[in-house]
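Residues -15 to 262 (our numbering) make up the sequence shown, in order.
There could be a bad hint or two in this list.
Stated by the list, open to error - If you anchor each label on the Cβ, the simulated ranges turn out as follows:
1. 232 to 104: 14 to 24 Å
2. 241 to 145: 30 to 40 Å
3. 142 to 60: 42 to 52 Å
4. 120 to 166: 36 to 46 Å
5. 105 to 57: 38 to 48 Å
6. 142 to 61: 37 to 47 Å
To be verified - SDA-like, lysine to any residue: derived pairs with alpha carbons at most 25 Å apart:
7. 146 to 102
8. 190 to 247
9. 146 to 119
FYI, nobody ran anything at the bench for these hints, they're computed from the structure.
Virtual Cβ for every residue (Gly too), placed ideally from N, Cα, C.
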Amino acid sequence: MATGRSAAWFSALLLGAILLLGASTLSPASTVESQARALVTPLVSAVQNTLRPISDVIFHAGQVRGLSEENGSLRLEVERLEAELGAFREQRIAVQAASALLSATSFEADQLLTAPVLLRDPAPGQRTLLIARGSDDGVIEGQPVLGAGGTLVGLVATVEPKRSWVRLLIDGDSSVAVVVQSSRVPGALEGGGGGLSLEFVARSAKVVVGDVVVTSALGGRLPPGLLAGRVASIESQSQDLHARITIEPLSDLRRLEQVLIVTGFIPGLGIDMPGAMP
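Sequences and hints are given; from them, build the entire structure.
In structure tokens:
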């Protein structure tokens, strides 16, 4: 409807212009021209005011399209920068975690190898990790794997060229020779059901809640003195030969992201590592 009205006004303007042109040859032309101008000027202003929004829309449409394309490009650039920032933060966290692991052990740096955790075995009853280090990096089966604070979290179970599986202490197939640090009472630290227990400890042995358990050199499978856990509870009855002792891990084994492999130790040879904890 606005378009039809604008066309009618334009026709009126055109007709007025023709009348003015014809009247300009008459003697009283100035009077007629003035009157016509007074009559036509409001019509011209009305037409301009009507057409201006349309022209503005056409003009700004091109600007909006250009701004939209520019905003799309800027949005992609922001997303790219955010992705790079996220990757940088993850790298920094990994470096800080590895540095914290190294600083918490008494081993020499050339005896240790950092490894990121790639996967946790989802199978029921399995407590294993896949790490991004393998035989190409000097990893061999049976080497100890350390977590936060230089505590023992498991042993290398299977080795491939580029990666390895680690059996955590809480795995049902895990069994490690240990001693109670304060009393030197020997025992076997065994996993099962997602927890740890100290087996083959006599009911009368000097073990109390809070005692720290460390690895034993017995059998040459592990360097001695690695922190392995803490006594959480002790239960026994008069007819029992052995106490039922629950051990609390010193690391959160369910949230490991970086671990240390003691590549300087060769299992089975009974090598006492230089710098190992006493």
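Among the hints numbered above, which are violated by the structure, and what are their numbers in rising order?
2 and 8
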